[in-house]
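Chemist: This is what each chain is made of:
There are 2 protein chains.
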Amino acid sequence: MYKLIATYKVPNDIEAFEKHYTEVHTPLVKKVPGVKEIRVNRVFAAPMGKPTLHLVAEVVFSDKETFNAAMKSPENMASGKDAMTFAGDLVSVHFATEEIISL
Amino acid sequence: MYKLIATYKVPNDIEAFEKHYTEVHTPLVKKVPGVKEIRVNRVFAAPMGKPTLHLVAEVVFSDKETFNAAMKSPENMASGKDAMTFAGDLVSVHFATEEIISL
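Line by line, the protein sequences are chains A and B. Throughout the first sequence, residue numbering follows our numbering, covering 1 to 103 in sequence. Throughout the second sequence, residue numbering follows our numbering, covering 1 to 103 in sequence.
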């Protein structure tokens, strides 16, 4: 799998963040061509102290070609622009490959 | 799903990091009771500039009870101690729930 992984630091206003993330941002991500799954990880604790991240989002693609085409799409530009608008100071974006070790 | 998500910043010596992560750390994580999957995401790029993260590891558990028991286990203590030893200045650990949106 190929993934766009977006980490979001803890926002000042979690309720407003969640509302925008769910009602505006996620629908934009769903429009990106070739997306197989969106995995939304909500951080509820850390082993020591308060968590520094609020959310880790994985946008999952089946293969490299689909991922590359998606990244260049106007829909992805719109999604990225939205992320910068509502969470520009919170978000970091990474492109990654996924290796699954099943136990 | 319940997850321990560990983010690792880019190490100075990527080869040494990968060797320890694969040969020493992953076997320790595999021993933690109740682990369903380990998903190892290796960052290969970022949309702007150089990536700040090298690796995002997800240690996946089926439910909250299994997760809580695992976190208290001696095997998890050993895994955490190892992470602090080889990557104490690189790693951040988060506990999260996963919501999957399939398209």
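Check the hints yourself; a few may be wrong.
[Stated by the list, open to error] In silico BS3-like pairs for lysine-lysine, Cα to Cα no more than 25 Å straight-line:
(1) Lys50(B) with Lys31(B)
(2) Lys72(A) with Lys36(A)
(3) Lys30(A) with Lys72(A)
(4) Lys64(A) with Lys19(A)
(5) Lys81(A) with Lys30(A)
(6) Lys64(B) with Lys30(B)
(7) Lys30(A) with Lys9(A)
(8) Lys19(B) with Lys81(B)
(9) Lys31(B) with Lys64(B)
(10) Lys50(A) with Lys9(A)
(11) Lys81(A) with Lys50(B)
(12) Lys19(B) with Lys9(A)
(13) Lys9(B) with Lys50(A)
(14) Lys50(B) with Lys81(B)
(15) Lys64(B) with Lys50(B)
(16) Lys36(A) with Lys81(A)
(17) Lys50(A) with Lys72(B)
(18) Lys64(B) with Lys50(A)
(19) Lys81(A) with Lys50(A)
(20) Lys19(B) with Lys50(A)
(21) Lys81(A) with Lys31(A)
(22) Lys72(B) with Lys50(B)
(23) Lys64(B) with Lys9(A)
(24) Lys64(A) with Lys31(B)
(25) Lys64(A) with Lys64(B)
(26) Lys31(A) with Lys50(A)
(27) Lys50(B) with Lys36(B)
(28) Lys19(B) with Lys36(A)
(29) Lys81(A) with Lys9(A)
(30) Lys50(B) with Lys72(A)
(31) Lys50(B) with Lys9(A)
(32) Lys9(B) with Lys50(B)
(33) Lys64(A) with Lys30(A)
(34) Lys64(B) with Lys19(B)
(35) Lys19(A) with Lys9(A)
(36) Lys81(B) with Lys64(B)
[Said to hold, decoys possible] Some chain A residues judged to face chain B by a derived CB distance under 10 Å, without partners named:
(37) Pro11
(38) Ile14
(39) Val24
(40) Phe44
Just so you know, the hints here were simulated from the structure itself, not pulled from any lab data. Small disclaimer: the values here were computed from a predicted structure and weren't measured. The C-beta atom is built at its ideal place from N, Cα and C for all residues, glycine as well.
Chemist: Now tell me, hint by hint, if it's right for this structure.
Modeler: Taking the hints in turn, this is what the structure says about them:
Only pairs whose Cα atoms come within 25 Å are accepted, and lysine 50(B) paired with lysine 31(B) is rejected, the gap being roughly 34 Å. For the hint pairing lysine 72(A) with lysine 36(A), the CA-to-CA distance comes to about 17 Å; that is within 25 Å, so the pair holds. Between lysine 30(A) and lysine 72(A) the alpha-carbon distance is near 15 Å, which keeps this suggested pair within the 25 Å criterion. Straight-line distance between C-alpha atoms of lysine 64(A) and lysine 19(A) comes to about 32 Å, which puts the hinted pair past the 25 Å bound.
Restraint check for lysine 81(A) and lysine 30(A): satisfied, since their Cα atoms lie roughly 15 Å apart, inside the 25 Å limit. A threshold of 25 Å between alpha carbons decides the hint, and for lysine 64(B) with lysine 30(B) the separation of about 18 Å falls inside it, so the pair holds. Note on lysine 30(A) and lysine 9(A): the hinted pairing holds, with a Cα-Cα distance of about 22 Å set against a maximum of 25 Å. For the suggested pair lysine 19(B) and lysine 81(B), the alpha carbons sit about 17 Å apart, so the restraint of at most 25 Å is met.
Restraint check for lysine 31(B) and lysine 64(B): the C-alpha separation of about 18 Å stays at or below 25 Å, so the hint holds. Pair hint lysine 50(A) plus lysine 9(A) holds up; C-alpha atoms about 12 Å apart against a cutoff of 25 Å. Between the alpha carbons of lysine 81(A) and lysine 50(B) the distance comes to roughly 19 Å, so the proposed pair stays at or under 25 Å and holds. At most 25 Å may separate the alpha-carbon atoms for a hinted pair to count; lysine 19(B) and lysine 9(A) exceed this at roughly 30 Å.
Distance check on the hinted pair: lysine 9(B) and lysine 50(A) sit about 19 Å apart at the alpha-carbon level, within 25 Å; holds. Using a Cα cut-off of 25 Å, the hinted pair lysine 50(B) and lysine 81(B) is violated, with the two alpha carbons roughly 29 Å apart. Using a Cα cut-off of 25 Å, the hinted pair lysine 64(B) and lysine 50(B) is violated, with the two alpha carbons roughly 36 Å apart. Between lysine 36(A) and lysine 81(A) the CA atoms are separated by roughly 21 Å; this keeps the pair inside 25 Å, and the hint holds.
With a C-alpha separation of about 18 Å, the suggested pairing of lysine 50(A) with lysine 72(B) holds against the 25 Å cut-off. With a C-alpha separation of about 19 Å, the suggested pairing of lysine 64(B) with lysine 50(A) holds against the 25 Å cut-off. Only pairs whose Cα atoms come within 25 Å are accepted, and lysine 81(A) paired with lysine 50(A) is rejected, the gap being roughly 29 Å. For the hint linking lysine 19(B) to lysine 50(A), the alpha-carbon distance of about 31 Å lies beyond 25 Å, and the restraint is violated.
Of the supplied pair hints, the one linking lysine 81(A) and lysine 31(A) holds, its CA atoms being roughly 14 Å apart against a limit of 25 Å. Straight-line distance between C-alpha atoms of lysine 72(B) and lysine 50(B) comes to about 37 Å, which puts the hinted pair past the 25 Å bound. With a C-alpha separation of about 23 Å, the suggested pairing of lysine 64(B) with lysine 9(A) holds against the 25 Å cut-off. Distance check on the hinted pair: lysine 64(A) and lysine 31(B) sit about 32 Å apart at the alpha-carbon level, beyond 25 Å; violated.
Restraint check for lysine 64(A) and lysine 64(B): not satisfied, since their Cα atoms lie roughly 34 Å apart, outside the 25 Å limit. With a CA separation close to 34 Å, the supplied pair lysine 31(A) and lysine 50(A) exceeds the 25 Å bound. Distance check on the hinted pair: lysine 50(B) and lysine 36(B) sit about 32 Å apart at the alpha-carbon level, beyond 25 Å; violated. Distance restraint check for lysine 19(B) and lysine 36(A): the Cα-Cα separation of roughly 31 Å exceeds the 25 Å cut-off, and the hinted pair is therefore not satisfied.
For the hint pairing lysine 81(A) with lysine 9(A), the CA-to-CA distance comes to about 18 Å; that is within 25 Å, so the pair holds. Restraint check: the Cα-Cα separation between lysine 50(B) and lysine 72(A) comes to about 18 Å, which is no more than 25 Å; the hinted pair holds. A threshold of 25 Å between alpha carbons decides the hint, and for lysine 50(B) with lysine 9(A) the separation of about 19 Å falls inside it, so the pair holds. Distance check on the hinted pair: lysine 9(B) and lysine 50(B) sit about 12 Å apart at the alpha-carbon level, within 25 Å; holds.
Under the criterion of a C-alpha separation no larger than 25 Å, the hint pairing lysine 64(A) with lysine 30(A) is consistent with the structure, at around 18 Å. About 32 Å separates the Cα atoms of lysine 64(B) and lysine 19(B), which puts this hinted pair outside 25 Å; it is violated. Only pairs whose Cα atoms come within 25 Å are accepted, and lysine 19(A) paired with lysine 9(A) is accepted, the gap being roughly 16 Å. Distance check on the hinted pair: lysine 81(B) and lysine 64(B) sit about 23 Å apart at the alpha-carbon level, within 25 Å; holds.
Here the hint on proline 11(A) is broken, as its CB sits about 15 Å from the closest CB of chain B, past 10 Å. Taking 10 Å as the C-beta cut-off, the interface hint given for isoleucine 14(A) is violated, the closest approach to chain B being about 14 Å. Annotation: interface hint on valine 24(A) violated; nearest CB of chain B at approximately 15 Å, more than 10 Å. Interface restraint check: phenylalanine 44(A) against chain B, minimum CB-CB distance 6 Å, threshold 10 Å, status holds.
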